[in-house]
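A.B. asks: Given next are the chains, with one letter for each unit.
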Amino acid sequence: MALENPNTVSPKDRDDAPWQHDKKKGELEHIGKPIRKVDARSKVSGLTQFADDLTMPRMLHMKLLRSTMAHAELAHIDTSKAAALPGVKGILTGKDMPTPFGILPVSQDEHALCPDHVRFVGDPIVAIAATEEETAWDACRLVEVDYRELRTIGSIQEAAANDEPRLHDYGVRGNVHRLENLEFGDLEDGFKRADHIREDTFWFEGNTHLPMEQHASLAHFDKDGKLTIWSSTQTPHYLHRALARVLHPLPANRIRVIATPNGGGFGGKSDPFNHEICAAKMSMLTGRPVKVALTREEVFWCHRGRHPVLMRSKIGVSKTGRITALDFHSFLDGGAYGSYGTASTFYTGALQTVTYAVENYHFRGARFFTNKAPCGPKRGHGTVQPRFAMEVQLDKVACDLNIDPAKLRLDNLAPRESVTANYLRIGSMGLAACIEKVVEGSGWNERRGKKEVTKEGRIRGLGIACSSYLSGAGLPIYWNGMPHSGVQLQLDRSGLCTVFCGSTDIGQGSDSVLGWIVGEVLGINPLDIKVVTADTDLTPVDLGSYSSRVTVMTGNAAMQAAERARDIVAKGVAKKLEIPAVRVVFAEGRVFDAEDPDTGMTFQEAVGVAEAQVGTIGTVGSYTPPKSAAKFRGGGVGPSPSYSYSATVVEVEVDPETGIYSVPKVWMAHDIGRALNAAVAMGQIEGSIYMGLGEAMMEEMAYRDRSHKGKRVFLHKIPSMLEYKSPSALEMPDCVTYVVEEPDKNGPFGAKEVGQGPLLPIMPAVANAVFDAVGVRVDENPISFEKVFAAIQAKNEGKDPRYGPAGDETGIPDVNFGESLKIKTPWQGGDGTAWNEPKRTKKAKK
Amino acid sequence: MLRLPPFTYHTPKNAVDAVRIAKEYGREAMYVAGGTDLYPNMKRRHQTPAQVISLRDVPELHSMEVLEDGRLQIGAMVTLTTLEFYPHLKAHYAGFAHAVREISTPLLRNMGTIGGNLLLDTRCSYYDQSHEWRESIDFCMKSKADAICWVAPGSPRCWAVQSSDSVPIICAMEAEIELAGVDGMRTIKGDDLYQDDGIQYLTKKPEELLTKITLPAPGNWKASYLKLRRRDTYDFPVLGVGACLWFAADGTIEKANVRLGGAGSYAMPATKTEELLVGKKLTDELIAEAGAAAMKPARTMDNTDLDVYWRKKVAPIYVARALKACR
Ligand SMILES: Cc1cc2nc3c(=O)[nH]c(=O)nc-3n(C[C@H](O)[C@H](O)[C@H](O)COP(=O)(O)OP(=O)(O)OC[C@H]3O[C@@H](n4cnc5c(N)ncnc54)[C@H](O)[C@@H]3O)c2cc1C
Ligand code: SF4
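Respectively, the protein sequence lines represent chains A and B. Counting from 1, position 159 in the first sequence corresponds to residue 159 in this note's numbering; the numbering is continuous, with no gaps. Counting from 1, position 156 in the second sequence corresponds to residue 1002 in this note's numbering; the numbering is continuous, with no gaps.
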């Protein structure tokens, strides 16, 4: 059946769209040009000051004593010996900061220091500040902690089977944190109409961000009663809120959070962290500046990385491969705390429909608490694992039906300007162009399935996969009606333009985005603009650098502020030149008459002219995403102003004797809407390829699980840069990158996201390429050598040529998801509400 | 990881002084060459020598020369980078040169020495961890005598893994090792420097100084080294096959040494493989058979990277490939 979607609209008349913004100017001046980043030279010359580079007079160093047990109650903590050590200036324990916190309002389940219950090896118990870091470390060794061991919950299966002991006293029940059950359309009918149905089980092991910069913070509570904290955080605004909560009664307006440049974040610095709160409290206690710099091992304890997810997917397709029904289950191992986990759970079911039109869709998701470092958002947040499942499963479907996997995807594309089964509003959609690019570039049609043998005896294979990602979450993390991003702009008679914004540059270039956009609107050199960001005292709120939201959201806010400033100056200049304001053009550092370009003045003079007329010039801009089409409970996760698209072809060379393989080449096309700077965009794409290959080939948060004399030892297997295997430059393949531009009306100049999306298709494409080469399926990520070898052995022995989790009760935990929320799809005449949802009482807005 | 603990740094100007200082301080003292193994270990508090004796200023350890009989003598302090780019090595000791190139990264080879590589501490994923991590498992036998071995809890010994890339091929080539002690010099065969114990992995006395390594003169033999690891840089070997075959004029194998690194606490001989090879020609069939015989001695344990069973299963394949490289 052809998919008829009444919500499909013809592409909007794009003449009034933002990327066309000033037609008088003709060509864009800065947007799209490979200009260097505003902070590039400081970065490459090593002059950028990261948090760990900061020092202050009389500064103390703080260390945290962390739990050595995976799960225990704290019977007694004795810090007296530590306190007696010369050089020790302050000691904090859980009772000093009893208020819990957490990134999401629904899971305020962390403490700056555990008061009475530790939930993983690495949970902090005591903070000690001393004049020297070594002294603080030595003092930690003198603390005596009496643990009362509790049974360890080490996996999804253990959590599902054991309600006691509970890690937390909230959640669904026992150690089940969340259960979601959403049904869109008529599954039964969808499967009935399918010509082919298959069910597969997948496992995606957890992995971590591994930023080069280890987290560090410096806190200073000054004599005027004001607290300042410099910290390597992606979300100064959320840290500000967490500090205000835990340090109550210190009012929020006396707390200043400055996010230092992040040496990589990838989602790992998006939560407020215990060490940050401890440093602040310690400074209040001692009256001295307090620095904390985490070790690499501690960064592994902070984690918040990729959730391990077990997935069961049942798909129904027509003879030609059109998806009639998808029934998807995900089981997430959340680790010890909530973190972003509620959102992560929804994300495992959200974006499948945004790449391919799914007629009927049922999603069930469960998240569990286990005694591991807490999981959270990592690049591609929650959508990476189901994308792996979906793209590998589609490859199998293509194989079953003997259809070219690239064609199968092209035939199933979700239409642009449409609303999906789960009420996500798609704007621009360039996936077809992406697929075509990588198919052509890789020689897909000629080279796929050829099993070419290299001179080392390795077999070549090609694999394809696609993906989509959001350009920022449509809803904020805490419920409020305020903008997601704010910008203030100040023009000075010196010609200086200063942009103030709460956004945080984590290396992705968000400071530069502000410069490029404002520079374009005002016709001035972006490198002349002063960008002030990520300082809660100086800059208006931006929610933070997560969920690929910054370019679209701060970009739109910056554009609004710049356009307002342009209007003020234009009016002033128009008056002076005695021409209508609409004729005033801003370009090349000048402000002039469109009809007589020689009549005009420098930008600096223009600002002076306007300032003389209206007084000091300052404007503001803000951005709030469009309202979501989804009105059911749970519909808040997934909506976004726009969706980016990626397609990749990966080439592998597999040694059939050992299962060892390499990835010599990757083709990646990404629909970014509009590249504000193609060079920087390609950096993000190639970075995603690199990170994706790490996940595909080797990275995993593996745990040691041993017992000895009744004591269970359960902790991260090897938290080190050497042994947490991540690719080196040698493993980085040749990349062919295509930037596809299908402008979206919600983006500044049509821009969409690029920071996360291109990571997603890499892992399934590697799995599919391995299949193309040696005919075996690895339904588990990472696709490590051992697994390829085991699958090849199974094949050689005539068994199922597959490595992966069992699909029966031995592999899938028995979870009662309860009744589903039933939502009619748009093409069934639905309105975005669930017809069986109990009426929700309206909560008062904060 | 922490910063280095405090220590006294000695810079003797000759081997005799170095040995004297080492003897004087006994267990408190350790030599340092490039420091790429020792310093990280000190930062993890595996070793905390109060006296660190630098070998940098001992000139006789920096020499490298081809002896009159054609043997190559390498000073212990010669860096891996120097060796890597030494044309004579590439021309006449291709297998060994390859092993050197496989060690870690260019940066570490710039600092790391051949002597330090031969004496590299054994490794184990329960041991090469931060102090805090090891606190959580209550340590293990290699750092605390009364603790258990987590790899084999019932075992009275430590199974930490021989992880140097040069050791298997040095032993296979029957290179000679020169040691300076309080009573003067002695020379031993490579194999005799090591023993099958993860803690006491060396036979030499603590104060004995490794001064020179002597490689056999080029001749009717060929050696190879093949390394298994996850990434082609940084990573220590989880299996390192060192092979050396001596051929008669007609291609018959007269003598065969095959050593497995990364598969036990010392470079283990694959005895059965060696026996199968001697007296025969290196045909494809023989390679396959000799390789298969290496499955048994490959004593992989679950204390390195990569799956323990997989490592055992690919050991024969790697042995076969190493033998092929001796053609
Ligand atoms: C990230 C990383 C990766 C690595 N990867 C590899 C690898 O792939 N393969 C590999 O083989 N090694 C590897 N290494 C280990 C190490 O870098 C090398 O083995 C190096 O050759 C050691 O030499 P060194 O001079 O630095 O030794 P040092 O650290 O100076 O010394 C090592 C030991 O030998 C003793 N010693 C040194 N010289 C003498 C001497 N002349 N006489 C007596 N005792 C002496 C020292 O007391 C110490 O116990 C790696 C190390 C790191 C940190
Ligand atoms: S083999 Fe056993 S004793 Fe030796 S380092 Fe490993 S765990 Fe410790």
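There may be inaccurate statements among the hints.
Label pairs and their in silico Cβ distance ranges [stated by the list, open to error]:
hint	chain 1	residue 1	chain 2	residue 2	range
1	B	Asp1038	A	Ser707	37 to 47 Å
2	B	Arg891	A	Lys450	20 to 30 Å
3	B	Glu1135	A	Gln793	47 to 57 Å
4	A	Lys95	B	Leu850	49 to 59 Å
5	B	Arg891	A	Asp78	46 to 56 Å
6	A	Ala84	B	Thr1033	31 to 41 Å
7	B	Thr1033	A	Met732	39 to 49 Å
8	B	Thr1033	A	Ser45	45 to 55 Å
When the alpha-carbon atoms are kept at most 27 Å apart in a straight line, the in silico DSS-like pairs for lysine-lysine are as follows [what the hints assert, rightly or not]:
hint	chain 1	residue 1	chain 2	residue 2
9	A	Lys709	B	Lys990
10	A	Lys455	A	Lys711
11	A	Lys451	B	Lys1170
12	A	Lys319	A	Lys407
13	B	Lys1050	B	Lys1035
14	A	Lys451	A	Lys799
15	A	Lys717	B	Lys1035
16	B	Lys1158	B	Lys1101
17	A	Lys799	B	Lys1158
18	B	Lys1142	A	Lys795
19	B	Lys990	B	Lys889
20	A	Lys631	A	Lys839
21	B	Lys990	A	Lys711
22	B	Lys1142	A	Lys455
23	A	Lys95	A	Lys192
24	B	Lys1159	B	Lys1035
25	A	Lys575	A	Lys25
26	B	Lys1142	A	Lys799
27	B	Lys936	B	Lys1142
28	A	Lys81	B	Lys889
29	B	Lys1159	A	Lys451
30	B	Lys1159	B	Lys1170
31	B	Lys1101	A	Lys717
32	B	Lys1050	A	Lys455
33	A	Lys192	A	Lys824
34	B	Lys1158	A	Lys795
35	B	Lys990	A	Lys455
36	A	Lys455	B	Lys889
In short, the hints are calculated from the structure, not lab data. Nothing here was measured: the structure is a model prediction, and the numbers come from that model. Idealized CB from N, CA, C, for every residue including glycine.
A.B. asks: Now tell me if each hint is right for this structure.
C.D. replies: These are the hints, each one checked on the structure:
1. A hinted range of 37 to 47 Å holds for the C-beta pair aspartate 1038 of chain B and serine 707 of chain A, which are about 40 Å apart.
2. The supplied range of 20 to 30 Å is broken by arginine 891 of chain B and lysine 450 of chain A, whose beta-carbon atoms lie about 55 Å from each other.
3. For glutamate 1135 of chain B and glutamine 793 of chain A, the hinted distance range of 47 to 57 Å is not satisfied, since their beta carbons lie about 20 Å from each other.
4. Under the hint 49 to 59 Å, the C-beta atoms of lysine 95 of chain A and leucine 850 of chain B, about 36 Å apart, miss the expected range.
5. At roughly 23 Å, the beta carbons of arginine 891 of chain B and aspartate 78 of chain A sit outside the given window of 46 to 56 Å.
6. Distance hint for alanine 84 of chain A and threonine 1033 of chain B: a CB-CB separation of about 55 Å, inconsistent with the stated range 31 to 41 Å.
7. Under the hint 39 to 49 Å, the C-beta atoms of threonine 1033 of chain B and methionine 732 of chain A, about 45 Å apart, fit the expected range.
8. As the Cβ distance of threonine 1033 of chain B to serine 45 of chain A is approximately 52 Å, the hint placing it in 45 to 55 Å holds.
9. Restraint check for lysine 709 of chain A and lysine 990 of chain B: satisfied, since their Cα atoms lie roughly 18 Å apart, inside the 27 Å limit.
10. Between lysine 455 of chain A and lysine 711 of chain A the alpha-carbon distance is near 52 Å, which puts this suggested pair outside the 27 Å criterion.
11. For the suggested pair lysine 451 of chain A and lysine 1170 of chain B, the alpha carbons sit about 25 Å apart, so the restraint of at most 27 Å is met.
12. Of the pairs offered as hints, the one joining lysine 319 of chain A and lysine 407 of chain A holds, with about 13 Å between alpha carbons and a cut-off of 27 Å not exceeded.
13. As the CA atoms of lysine 1050 of chain B and lysine 1035 of chain B are separated by approximately 12 Å, the hinted pair is consistent with the 27 Å bound.
14. Restraint check: the Cα-Cα separation between lysine 451 of chain A and lysine 799 of chain A comes to about 21 Å, which is no more than 27 Å; the hinted pair holds.
15. Between the alpha carbons of lysine 717 of chain A and lysine 1035 of chain B the distance comes to roughly 37 Å, so the proposed pair goes past 27 Å and is violated.
16. Between the alpha carbons of lysine 1158 of chain B and lysine 1101 of chain B the distance comes to roughly 25 Å, so the proposed pair stays at or under 27 Å and holds.
17. Restraint check for lysine 799 of chain A and lysine 1158 of chain B: satisfied, since their Cα atoms lie roughly 22 Å apart, inside the 27 Å limit.
18. Proximity of lysine 1142 of chain B to lysine 795 of chain A is assessed by CA-CA distance (about 24 Å); at most 27 Å being required, the pair is judged to hold.
19. Under the criterion of a C-alpha separation no larger than 27 Å, the hint pairing lysine 990 of chain B with lysine 889 of chain B is consistent with the structure, at around 17 Å.
20. Among the hinted pairs, lysine 631 of chain A with lysine 839 of chain A is consistent with the structure: their alpha-carbon atoms are about 12 Å apart, no more than 27 Å.
21. Taking the CA atoms of lysine 990 of chain B and lysine 711 of chain A, the gap is near 18 Å; set against the 27 Å cutoff, the hint holds.
22. Taken as a hint, the lysine 1142 of chain B and lysine 455 of chain A pair is broken in the structure, with Cα atoms around 30 Å apart against an allowance of 27 Å.
23. At roughly 59 Å between alpha-carbon atoms, lysine 95 of chain A and lysine 192 of chain A are farther apart than 27 Å, so this suggested pair is violated.
24. Proximity of lysine 1159 of chain B to lysine 1035 of chain B is assessed by CA-CA distance (about 30 Å); at most 27 Å being required, the pair is judged violated.
25. Distance check on the hinted pair: lysine 575 of chain A and lysine 25 of chain A sit about 20 Å apart at the alpha-carbon level, within 27 Å; holds.
26. At most 27 Å may separate the alpha-carbon atoms for a hinted pair to count; lysine 1142 of chain B and lysine 799 of chain A meet this at roughly 26 Å.
27. Among the hinted pairs, lysine 936 of chain B with lysine 1142 of chain B is inconsistent with the structure: their alpha-carbon atoms are about 33 Å apart, more than 27 Å.
28. In summary, the hint linking lysine 81 of chain A to lysine 889 of chain B is supported, as the alpha carbons are separated by about 24 Å, within the 27 Å threshold.
29. The suggested pairing of lysine 1159 of chain B with lysine 451 of chain A holds, with an alpha-carbon distance near 25 Å, which does not exceed 27 Å.
30. Restraint check for lysine 1159 of chain B and lysine 1170 of chain B: the C-alpha separation of about 18 Å stays at or below 27 Å, so the hint holds.
31. At roughly 42 Å between alpha-carbon atoms, lysine 1101 of chain B and lysine 717 of chain A are farther apart than 27 Å, so this suggested pair is violated.
32. Pair hint lysine 1050 of chain B plus lysine 455 of chain A does not hold up; C-alpha atoms about 45 Å apart against a cutoff of 27 Å.
33. In summary, the hint linking lysine 192 of chain A to lysine 824 of chain A is supported, as the alpha carbons are separated by about 18 Å, within the 27 Å threshold.
34. Distance hint between lysine 1158 of chain B and lysine 795 of chain A is fulfilled; the C-alpha atoms sit about 20 Å from each other, no more than 27 Å.
35. Annotation: proposed proximity of lysine 990 of chain B to lysine 455 of chain A is violated, straight-line Cα distance about 50 Å (limit 27 Å).
36. Of the supplied pair hints, the one linking lysine 455 of chain A and lysine 889 of chain B is violated, its CA atoms being roughly 44 Å apart against a limit of 27 Å.
Of the numbered hints listed earlier, those contradicted by the structure are 2, 3, 4, 5, 6, 10, 15, 22, 23, 24, 27, 31, 32, 35 and 36.
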